[in-house]
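Peer 1: In case you want the letters, here they are:
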Amino acid sequence: MTTSVLKRQKRYLFENERFLAPLLMSPAILYIIALVGFPLVLAIIYAFTDITVGDSSLDFVGFETFRRVFDDPVFWRSLRNTFFFAVVANSLVVIFATVLANVLVADFKGKWIIRFLVLLPWTTPVSLATITWLWTLDSLFSPLDWILRNLGLIEQNSYYLGKANLAMSSVIAVHTWRIVPLAAVIVMAGMAAIPNEIKDAADIDGARFWRKLFQIDIPLLAPIIAVAVLFGIILTVTDISVVFVLTRGGPTHATQVLPTWAFFKGIEGGALGQGAAIALFLFPVLVAITAVVLRLARRREIL
Amino acid sequence: MATDVFDVERERQLEHRRHRWGRITLYSLAIGAAVAAAFPFLFATLTAFKQSSDLYVKDNNPFWFNDPPTFEHVHFLLFNTNFLTFVRNTVVVGLAVVIVTLALALPMAYALARLGMRWGERLGIGIFLVYLVPPTLLFIPMSRVIANLNLQESLWSLILVYPTITIPISSWLLMGFFKGIPRDIEEQAMVDGYSRIGAVRRTVLPLMFPGIVAVVVFAFTLSAHEFIYALAFNKGSAVKTIAVGVPTELVRGDVFFWQSLQAAGLLVAVPVALLFNLFLDKFVTGFTMGAVKG
Chain A
1 MTTSVLKRQK
11 RYLFENERFL
21 APLLMSPAIL
31 YIIALVGFPL
41 VLAIIYAFTD
51 ITVGDSSLDF
61 VGFETFRRVF
71 DDPVFWRSLR
81 NTFFFAVVAN
91 SLVVIFATVL
101 ANVLVADFKG
111 KWIIRFLVLL
121 PWTTPVSLAT
131 ITWLWTLDSL
141 FSPLDWILRN
151 LGLIEQNSYY
161 LGKANLAMSS
171 VIAVHTWRIV
181 PLAAVIVMAG
191 MAAIPNEIKD
201 AADIDGARFW
211 RKLFQIDIPL
221 LAPIIAVAVL
231 FGIILTVTDI
241 SVVFVLTRGG
251 PTHATQVLPT
261 WAFFKGIEGG
271 ALGQGAAIAL
281 FLFPVLVAIT
291 AVVLRLARRR
301 EIL
Chain B
1001 MATDVFDVER
1011 ERQLEHRRHR
1021 WGRITLYSLA
1031 IGAAVAAAFP
1041 FLFATLTAFK
1051 QSSDLYVKDN
1061 NPFWFNDPPT
1071 FEHVHFLLFN
1081 TNFLTFVRNT
1091 VVVGLAVVIV
1101 TLALALPMAY
1111 ALARLGMRWG
1121 ERLGIGIFLV
1131 YLVPPTLLFI
1141 PMSRVIANLN
1151 LQESLWSLIL
1161 VYPTITIPIS
1171 SWLLMGFFKG
1181 IPRDIEEQAM
1191 VDGYSRIGAV
1201 RRTVLPLMFP
1211 GIVAVVVFAF
1221 TLSAHEFIYA
1231 LAFNKGSAVK
1241 TIAVGVPTEL
1251 VRGDVFFWQS
1261 LQAAGLLVAV
1271 PVALLFNLFL
1281 DKFVTGFTMG
1291 AVKG
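Residue numbers (the working numbering), protein chains in the order written: chain A, 1 to 303; chain B, 1001 to 1294.
Read the hints as simulated data drawn from the structure, not as lab findings. Careful: at least some of the hints might be erroneous.
DMTMM-like mimics (lysine to aspartate or glutamate), calculated; alpha carbons at most 25 Å apart, straight line [stated by the list, open to error]: (1) K212(A) - D138(A); (2) K199(A) - E1015(B); (3) K1179(B) - D1054(B); (4) K163(A) - D138(A); (5) K1282(B) - D1184(B); (6) K109(A) - D200(A); (7) K212(A) - D1184(B); (8) K1282(B) - D107(A); (9) K109(A) - D1281(B); (10) K1235(B) - D107(A); (11) K1058(B) - E1072(B); (12) K1235(B) - E268(A).
Just a few of them, taken from the derived set where beta-carbon distance is under 10 Å, the chain B residues facing chain A [stated by the list, open to error]: (13) L1026; (14) L1029; (15) P1040; (16) A1044; (17) I1212.
Keep in mind that this is a model prediction, so the values were computed, not measured. We put the CB at the ideal spot given by N, CA and C, even for glycine.
Extracted from the complex, chain B is given alone in its bound form (with noise of 0.2 Å):
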């Protein structure tokens, strides 16, 4: 009897050391993974508010301020340099890509989770297949297009272009928004005397919109994203996106405009990092809803 009560006691300890040791590694290793993926950013923080005779002595620590910060480069990258254009033209893009996407992806989207069951669902893999289509294996051809429409040096050719890129994947999210929401709620409404359409505004859709605001996070960012279509088709820094913009603006010559370069890099990272981490749930939800069965 004894024996027993001592070896529960024993056991029990066994399993609360495991348990901490459980949590020490858990720990380090959610540290150390927050630590390599964020590095670059953090010594990018702390490179923005150095001043120049600060940063480029070679021997001076790298992670403290030799100096006194400044906010001298930032200053310079908001007013002496495109950039605010740049968050501008992405903007400006962004949402017209957005709107264009919302408008051909929502009904393709029902269509595809509600009607035509038959080869809606091979469809539906068909489109999400054009998502692996890679701008990389069309800028070439798609910049004379965009010659010959007149487009080139216009924000237009982005607007119109983008769209290729998030009507599949925004498609792929929609539909599965859709199947996570029951057919009998449409169905009761059309019951009741609306169209199909009606019925689709009136219930569906108000019950949707958590999954469409996830996907114009979703749409925004892929468009803010691209890089190969912005760089192919506009040269002139009125008319660059940031992601293009920065690199090919900020570097004149030899010259490397560092603290305002890594300034910039944060002033985009951040946000988008905040909205995205809002709708990352929503997101997976989205992927993993449309790989169910209708």
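Chain A with its partners taken away, still in its complex shape (with noise of 0.2 Å):
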């Protein structure tokens, strides 16, 4: 008797919404709460302290890891590159996503090898993918550097990872070249939401073009471009594998970029608490854009 009142009341709680809800999401929450959130919140404290690997005790020295940070010159580079690289690198993205969102849409004969081919950079791997460049750039042996040479374009190889301009422009060029899949994939998944009638009632008002492209799509693509551009950024800024495969952050810290720096000071080099110091200055940009996503979501425009 008292077991199936218990029974029923055990059912009666799992048909309960405000039970059943907290229950369900609960696991998620707490597993992200202990594995995101308070990591977090010891990155903060421990750049407030001098840990580092032979020495984990919290002793507080204030803003003295910070004095430390600031006072190496390639901190300041780091933060620099980090965010030049995203800058250039989506503004390309930008560019190249949009065009190949409007050939992969378009019907055409053997499109599953050519979107098999073009997404390739993006689904690798980044860390083998860039091993891929890495040879094609090679200094003695690069592809470029020998189709250059019997043009007759160039007499000596270009070094693309020794010399600080051109070593730049590779990461810039290797992260474009990965993000422009995932931000093509991205804006096609917008042109779809783009409800045929506009589309139908252009062609019978005989829009070309040029004209559907400026007057239809860009303007109904703007919000989710916007969305690739978050994804873009966030992805080269907070990336490691790029610049560690590639360059190592060099020539001597030509290329090298917070995630680098926080790495190689922070775990190869030991000092854990200048480490999170560095890696929180990506914090603000994160903040920044999470701005931006809210603000695009409240408009109901995408989220």
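Starting from two chains that each stand alone, build the complex the way the hints lay out.
Peer 2: Below, the structure written as structure tokens:
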């Protein structure tokens, strides 16, 4: 008798949305709080201590750790590079991704193989994709140099990764190359959402490709292109593997970015506090991006 | 009258020509994009099968086999390096991460899609935003947490931490798929006497199957892609994943095993890309449906 009442009560609890919703959500939320929220707080605490791998006691030193980080010109170089790479790469991404999305929505023969090849840079683990570039940009055997030499455009090899400007361009090129496919897919998803009536109306009115592009596609796609750029910026700003594999921040820190500098200082150098302080400078960028996402979300355009 | 017909005919020719130029532009753009995207991989394919005596001659045509192709370096990769260990580690970690992810993200996504209308939506966006907190920001304190849990130098460290990357995005995708299934289906089953959980298990989950498979693929590839945690937690080659193992172990000092390195990249890139292409449309639907109001 009592068991059946209990059973009914238990069943009632599971049917009750007020009880069921938190029950279903809490495992995921607790997991995230424990392993994202807690380390995030820890990152902030570390930045105000002199913690190292050898001495893991948390001695608060105020802004001393930040002062040490700021005293190193490499930090400022990394900060500048992080922004510079993100801005240049994502400007290129906007152009290429819009064109690519327009190509990929069209119907043509052999589309699947084109799609497969075009998506390769994005689906391959970044570190392995970068290795193919490491070889393509090799100082002695780069096929790009071979072509340029045989066209008579250069006498000596270019040393893509050995000269500051070329190394920076190479990093930007690899970032652009790997983000364009993702951005194109996002833009394609947005294109599918443009109502057919608008396109048909434009066709009936006799609008041609360019007119349609500038008066229909681009205005209607602007919000979704913004989303693609947000993803692109996050991927470039927070990525460590492109620079780590391609140049290790060299030549002489010319391509150093915040994530690699944080890694070299914090993990390889053992200065955990300084590493955490350096990585923390990514935070304002991400907060700004988050604010933009939320704004777009509130406008009910995409989220 | 006659001029009219002539005009129509000319208009049609013009249209025809425009169409032809449109096709030519389309194909050249498509092929151009494919070559630009795949160039390093195509070059890697050639490199992987070259003999060293051919590869390391500066003036040899790099796009041609000047000496006959060889499997020597692929063989070396498979049997003389830790490549297969890296592959096994990646698969083990990936599968474990997929299980943890589904166990936590499925209930989360269901609750977000169906229950608690008011704050469900906000929480959904909140979860999405967690995806924006990058490993790069967390890897230093996380490496201490892992050390204190005594999990460094083991795959468990990655199995524990990767779900923080996969749960937010998977919840978002699954929420989209749940929203794509009409509420009436499970409500009907509940009217027929099933409990909510029974109704979901019997009616909604089978319909969700393709979406769940897509999320499995997505979570697996995300964990195979991850670089910085794997780099920071595990230094021993027995516990490295492909993403970290290949770039750190196949380069000894200044000696690059170029052919084997390129072969390693290809052996990972091609299967992952094939898998991804199969599910691409599903991912796109999931993302867009997640954005639809419940």
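Peer 1: Where does the structure disagree with the numbered hints, that is, which hint numbers, in rising order?
Peer 2: 1, 3, 7, 10, 17
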